[in-house]
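Q: Chains as they are written, first to last, in our numbering: chain A, 1 to 228; chain B, 1 to 228; chain C, 1 to 228; chain D, 1 to 228; chain E, 1 to 228; chain F, 1 to 228.
For the record, the hints were derived by calculation from the structure and aren't laboratory data.
Keep in mind that a hint or two might mislead.
Said to hold, decoys possible - Simulated crosslink set (DSBU-like; lysine-lysine; CA at most 30 Å straight-line):
1. Lys186(F) - Lys225(E)
2. Lys66(A) - Lys39(F)
3. Lys134(C) - Lys188(E)
4. Lys39(A) - Lys225(A)
Since the structure is predicted, the reported quantities are computational estimates derived from the model, not experimental observations.
Protein chains: 6
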Amino acid sequence: MILDIIVPVSTDIWNKGIESEAEKIKGQDTKVRVTSLTKGPVSIESEYDEVLAGPHAVSAAEELEKNGSNGIIIYCFGEPGLHACKEKLSIPVVGIREAAVSMAKILGDRIGVISTIGNAVPRHARALRREVYKVVAVDMPVLDFVNVEELEKRIEIKIRELIDYGCDVVVLGCGSMLDMDIERMKDKYGIPIVIPLNAAVAVCEFLMKNNLRQSRLAYPFPPEKEIK
Amino acid sequence: MILDIIVPVSTDIWNKGIESEAEKIKGQDTKVRVTSLTKGPVSIESEYDEVLAGPHAVSAAEELEKNGSNGIIIYCFGEPGLHACKEKLSIPVVGIREAAVSMAKILGDRIGVISTIGNAVPRHARALRREVYKVVAVDMPVLDFVNVEELEKRIEIKIRELIDYGCDVVVLGCGSMLDMDIERMKDKYGIPIVIPLNAAVAVCEFLMKNNLRQSRLAYPFPPEKEIK
Amino acid sequence: MILDIIVPVSTDIWNKGIESEAEKIKGQDTKVRVTSLTKGPVSIESEYDEVLAGPHAVSAAEELEKNGSNGIIIYCFGEPGLHACKEKLSIPVVGIREAAVSMAKILGDRIGVISTIGNAVPRHARALRREVYKVVAVDMPVLDFVNVEELEKRIEIKIRELIDYGCDVVVLGCGSMLDMDIERMKDKYGIPIVIPLNAAVAVCEFLMKNNLRQSRLAYPFPPEKEIK
Amino acid sequence: MILDIIVPVSTDIWNKGIESEAEKIKGQDTKVRVTSLTKGPVSIESEYDEVLAGPHAVSAAEELEKNGSNGIIIYCFGEPGLHACKEKLSIPVVGIREAAVSMAKILGDRIGVISTIGNAVPRHARALRREVYKVVAVDMPVLDFVNVEELEKRIEIKIRELIDYGCDVVVLGCGSMLDMDIERMKDKYGIPIVIPLNAAVAVCEFLMKNNLRQSRLAYPFPPEKEIK
Amino acid sequence: MILDIIVPVSTDIWNKGIESEAEKIKGQDTKVRVTSLTKGPVSIESEYDEVLAGPHAVSAAEELEKNGSNGIIIYCFGEPGLHACKEKLSIPVVGIREAAVSMAKILGDRIGVISTIGNAVPRHARALRREVYKVVAVDMPVLDFVNVEELEKRIEIKIRELIDYGCDVVVLGCGSMLDMDIERMKDKYGIPIVIPLNAAVAVCEFLMKNNLRQSRLAYPFPPEKEIK
Amino acid sequence: MILDIIVPVSTDIWNKGIESEAEKIKGQDTKVRVTSLTKGPVSIESEYDEVLAGPHAVSAAEELEKNGSNGIIIYCFGEPGLHACKEKLSIPVVGIREAAVSMAKILGDRIGVISTIGNAVPRHARALRREVYKVVAVDMPVLDFVNVEELEKRIEIKIRELIDYGCDVVVLGCGSMLDMDIERMKDKYGIPIVIPLNAAVAVCEFLMKNNLRQSRLAYPFPPEKEIK
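Extracted from the complex, chain A is given alone in its bound form (with noise of 0.2 Å):
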């Protein structure tokens, strides 16, 4: 089964570590393949980002499923382009938000999400409105998350935050936060901490292996027309 990860950035320089932690925790009947793409933003910080990546992801994911994909990850926390994914793909398709906020709330009840810069807020906020309690921002550009020393500094401040706010389960809204030792910052907090890599990776994974996938009823197939 190959499972395909899509970066919806014109950039690879996650690639690498994205590949390196789903190899961690796939199946063992699952191929992993990463894709980022060649146009569009660099990094996903607004609606206006999504906008102009949308295309890119929807047209990176059809040449996937040509290519003999069996599942496909939108792995950004903002998910352009998903829903145009779920309806044009007859293989399923998965959002990193929606695995990650589905799972976190098996583990509680009021769900705190950290994002990336302040902006990033209020349209993680509107689009989770009546799934999550409280959504913050480390106030760093995703661009400069390499830096994990210093991402985990304030990660660690916002789940304090979010704790002290009343949120039960911490889930990390981007998908560049990565390499940070996350098993201590559970300890240290005693709070779960949902890694979307590792919901998507795992809510694909059974889609795949159960033969499912978006419904038609719901996602019915784009009608064929004129694209200029």
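Given the coordinates of chain A, assemble chains B, C, D, E and F onto it according to the supplied hints.
A: For chains B, C, D, E and F alone, coordinates are given in the frame of chain A:
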């Protein structure tokens, strides 16, 4: 005041009709411009179409803002690129779906929407699930709406269906449902029928006149970044 | 087209200010008439006041309809008699609260309302509990709003409070908050401020122009009967 | 303890029946007084009727409080003036709708309400849209309810309709549905039927016995002011 | 009419206090019996305790029904076995949580609940998340409530906290909060305080008097089967 | 990793079938153990059955945790004892209902559940009223499900019924709906069908692999106390 209507499809067959309708209802100080796209799908009937149209709609909006626009209407019930425009532009941007539904809710309690092809129902029902009571479809592709007689006949059937279901206000769920005798239908069925064009022009003129635009706290400006 | 504004209080001290504001924003074809009551409470600051004002507001509306009115605004955030008028009249009737909140929701996600005395907060919070995010009060009786300087100072304090609480749009929650420098405040705090008068005029003009009125299926005509 | 029942219509034809029913169910220490109005509509079948009845109901309540009342029931499913009374009075005030629906929700999950004329359905459905599952009507004007046989026949038809629709508890949605053989219907259809009078007497007696009344924080005292 | 109160804990230290309180508030025709369990946990402070107490509570209820009971109160805010009893018994069964919250909602809009140990907060908040505004805890184990003075001191602190948070009605969230001077606290803080015992007795007496019990359509009789 | 499946009924007739299904879908590193109870009801078809099964399910879970379990599935759609286990155990505990519904919501918008006997519908509808769109029943007692042919015939009828009602995903609402040709039905009706066993194994394996378990902030450890 210049009010720009972006018809986010790669055909200009609707422009003249929209412009002529808009002329009838606009305020005296408003100058209306209607713009369609040169790229993207020729009609919008799925989230797939919306994603492909999105960047072109946003790009058109950015261009129009530079060319002196005072307010923009995204003239498609799927509102491709709407939130991205709200973030990126400093003039008010309004979608016809949000405008029509807002006005409809002042007129009654249970809004019924009449959409295009059956495939379009789940996407609008998903977007509006807490706002409207029922979404139905005339089961005609948008490009066939030039056959106004057939469209009108089918619209009437759906109005009756919505009333029987318990709806008390009807919203036309597509920007290309033009040239029908709405007054006759309102009288015949005794139910208000909201035309999205007219609602959106009213909302956008209100915002322009009152120097209002989408909140920067809800739609922060997108961070500058490399876009390939 | 005659647009009637009913100020449902037994004083005419606000009429001139309302009329002069309405003149600035109305369409060219609209003639505005402002009517206050001769009976009932001198201001509306409780549900008790609303109930006492209700029949007089409805009676004024019935009279105005007979005198050629094409649309009526119930000009009080408590909207006394609004639904009764929607039932009884055959012309559109709009309340300033529903109009202001509808417009505000197009501008952002978390609406904050600034009301009059503290006692008014629970009644508006109850009526709007699924529509707005927070209701606060300037703690001034309505009749003291003639002291515009003091009012404006207190409004500014409340705008800051609403922003700190997480609101992204402000609605002025009383029809008598007139003559302030709203533009200055919008610039200073970077948040849209919706003036109920302006929203209601826009909504009512939209309805009049489009030959729309409240649905008879939602607001059936009251059965004729003996009234002692 | 004096429990006052205000029948907010300008006829006393129901008073005796209500009093005799109340006598059967009241506690030993409760003295029941039934008061109807001398002004306002002869029956309440619309929000228009409610607004016209409101001030007279409130005025009657104020009078009764002065005359030693310990608790008041607003005896109409539309509850005219209820919140105004909750603000103005220092004794508990209960509406029959809120009492009946509260009790019904302890008995099942999906409450069905049987109202009077068809025109009354939207106003109750609007008020109860998050509380009850379905509102239907016997399509008889209230004043015809003196024809108990016809009323009972129609009530039975509606009970079956509500059960078929999925309701599991029935609430009689009008105070004038008296003198029917409710026990027979409960047995025949196997569904609980809540009589508003009985629910309201129970709730009001509970509040009186426990020295409870509506919260001043939710229903602040109306500010003193000139009323013309 | 025999009203049975099941205290679902394996101690009878509360029985006498409950009985004496119930005697004060019950109707003249009601005979109160208080029963505690001989098996299961000595107090209920978790869902774990609720599960262990459940079968014993249900078994006691079945026994009491055979012994002539006309109505049963499950006297614990966690309501162990309540729905099972509603299914199994043919007499009305009421939980103190549902009764107290129903009555509280008639008194105001934002209910605050005061629970026992901090650990009990999430389970009540989960059960009541759409019903109440805030759940807090006095941080005392139930068995320490015999120290009424300390309990009362802590309750007062929590009342202030709930008022500051915006609550307008207080519900005591445990059946063992007895013997306090509630009247003094209601006066001092100006907020209604609902005692679950009193609410449940009122609701249960209402059901008994009116020959009502939980709907069989919502709580069908459990199918007969082998139980090992 | 040891994954334990507790079948909370006092019969082991389902164990072998469950184990063989679980073997097909589990990950390579997972060892599955299936345990049924020796006490309690022989099947779970009511809240009454759930309450009687609860303590035995919890006790089995406690035993299995001591015997090296790494994760537990409560294998009944009624999930008896689930929250108590989440509190008491330090390993992840998952119910098949929550797992199946979570996965279903990723596949579509309107979930339909197929339950066992008609009596089971209200209890699942109550538990899932904000999660699923419709609950129906095959009207067969669980113990008759060994007649797979009849079961499958009835399931098909219900799938058609759910689709006609507007559902877009089907969840099998009982753990004993085994051995059917699900793939054939998915193809025939064009709708995803979620099997609770498979969803729960996926969720539980995800939690075990990621060292996650229910939040202590949502499910605090039950206080130690005397249990008689």
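Q: Could you run down the list of hints and mark each one as holding or not?
A: Hints, verified against the model:
1. Lys186(F) - Lys225(E): 34 Å, violated
2. Lys66(A) - Lys39(F): Violated. Lysine 66(A) to lysine 39(F) sits at ~54 Å, over the 30 Å cutoff.
3. Lys134(C) - Lys188(E): 28 Å, holds
4. Lys39(A) - Lys225(A): Roughly 24 Å between the alpha carbons, so the hint for lysine 39(A) and lysine 225(A) holds.
In summary, the numbered hints that this structure violates are 1, 2.
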